[in-house]
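Chemist: Based on these hints, arrange chain B on the given structure of chain A.
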Amino acid sequence: MKKKGNAGFTVVEKILARASGKDSVRAGDVVEPRVDLAMSHENAALVINQFMEIHEGTGIAAKPWDPSRIAIIFDHRVPAESAKTATNQKKVRAFVTEHGIEKFHDIRGDTGGICHQILPERGYVRPGMVVVGTDSHTTSHGALGAFAFGIGATEMASAWTLGAAVNIEVPATIRVEVSGRFADFVGPKDLILHLIGVLTAQGGNFRVLEFAGDAIARLSTSGRLVLCNMSVEAGATSGIVPADAETVRYLRQEAGVTDPLDLVTSDADASFERSISIDISELEPLVACPHTVDNVKPVSAVEGIPVHQVVIGSCTNGRLDDLADAARIVRGRHVAAGTRMLVFPASAKIYAEAMRLGYLADFMAAGAVVMNSGCGPCLGIHEGALGDGETAISTTNRNFKGRMGNPGADVYLASPAVAAASALTGVITDPRKER
Amino acid sequence: MAPVRKADKTRVKKVEMVRVILGLGDDVSTDLVYPGRYMATVLPSETPAFAFADHGGFQAAVMAKSIPPGAVIAAGNNFGCGSSREQAVSCLKGLCVVVVAKSFARIFLQNAINLGLKVVVAPGFAADEGDEILFDGGCVENRTKRTAFDITPLPLARQAIIDAGGLIPFTRARLVARPREPERTEGPGL
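Residue numbers (my numbering), protein chains in the order written: chain A, 1 to 435; chain B, 1001 to 1190.
One should not assume that every hint holds.
To be verified - Some chain B residues flagged as far from chain A (calculated, every beta-carbon gap over 12 Å):
#1 Asp1027
#2 Ile1067
#3 Arg1146
#4 Arg1178
What the hints assert, rightly or not - Computed footprint of chain A on chain B; a stretch qualifies when at least three of its residues, placed anywhere within it, have a C-beta under 8 Å from a C-beta of chain A:
#5 1039–1047
#6 1098–1110
#7 1152–1163
#8 1167–1173
These aren't lab readings, by the way, just hints derived from the structure by calculation. Note that the structure is a prediction, hence the values are computed from the model and not measured. Note that the Cβ used here is the ideal one computed from N, Cα and C, for glycine as well.
So that you can see chain A by itself, here it is in the shape it has in the complex:
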């Protein structure tokens, strides 16, 4: 490791120093940063239980420290798959009303969607923020230059109480320097799968992955969200792309943010634990094979494996450019007999836009089923469970045993292009050959 001494600071060290009211902090320091945004989904039901328990016997009213900084988005089980879930959602709604939580997104066709899409899309996340979420893919929001990480429900209840994340160890940073240009049918999903394959599922444990380089400067916020979203699959506490011109463009033009923005970046001489260089020009379409995300192979190594279900969507790859990639491939063609294709736009806004652009009609004409925005079958709770011995290829982020609802099934992870091409043939297919 580079000597710290007078070295510069990483973007995460700077964010955590400011959030903790300190002049500077270094990797390894223990801090107590204020929380700028606290996100939960249906598991807010459990957070509420723990929040009440913290206040029990204190004589202090159980009121969240700052309802304007709490976001609650229903996405994991929408519409409710069971009476139990519906009752939990009802309980959360009552809490939201009682405490005036305005960043609440219910099950709606106009403002609903997946939490990790809603937060950026609505401009809730800003560069330099400390964002916590009761979801491991909260790492996504590093794409906007925030330090964002997943926590459990009890830790969230603590954050709702104190307005801070307690006993946080400042993570060391692994810098990922990305150069080159993607070849046709290769994109951010292939880049992050490649990186996870290199690092392994634990290679980023307790570290931050900071993405930099000319290829990142050119990459859209949508693509950056893919990278930061799946950083947790290498074990990372968070992924981050320090805010730049694209961040400003996205927040101004797409999220409608008009407030001043504070673009925090790493110093040129910042103390990184290590650096990894990747030339994306050399990447080919990749697939993460069952049952770990780091089991990454070129699509050519698994071509021809029959697939029964194709899933396009999720917080990883359910945005407009993902749907465009998939629609371009299936347009005017048909999903293979014996294969079912499910499409889940990541938010109502994306759904409406995909409808306007004709993507949803393309999917339906090809035989795909367009579902409502939400997490869908990604975590195996409802919608699109797999049968015994079945195989899925999915643009989601996890392929653990049992993930899609059946421990006796296989899930392969890939880009929208690979997944869509596979839907047409009914077998895992290299999209470069299917065109």
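Modeler: Only chain B this time, still in chain A's reference frame:
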């Protein structure tokens, strides 16, 4: 693992003989510990019924209530990777088991500490189901295989929460001591 600091205490101090009831490899995900389809169940009193729900042998033991308190789940590296679901911790805590692993994923480790599930980090640890295990201070012994492994103390930042008896009492004490602390420092607006 996170950089380790000097800590006075390790998680398990008592000298007692226990058995390994479940032997697992690397990268055991929280989907395996607590499958997603049971996520609507959140109460700690109800989650133990679904611990390792897809693992036939373990499930049978859960149903038969035949898991002795203190029994060990032995695992390799990166135990608890994946989802942040706290049920993956509360289900094991409810069964009063101890998880001994070469290493843990960050969120699982933090959740375990927050809820008071006993976890032991022993980087060289190896054990099979049925092995007899003895915790002795900073060491975990596999009596069956006649091997012993150093326990890595938890980082000091975690130890403070353990010492408080978990995150709920930790935060409650802070709440009572300084009801509206900490004052917000200036940060990015909303």
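Chemist: Of the numbered hints stated previously, which ones are contradicted by the structure, given in increasing order?
Modeler: 1 and 4
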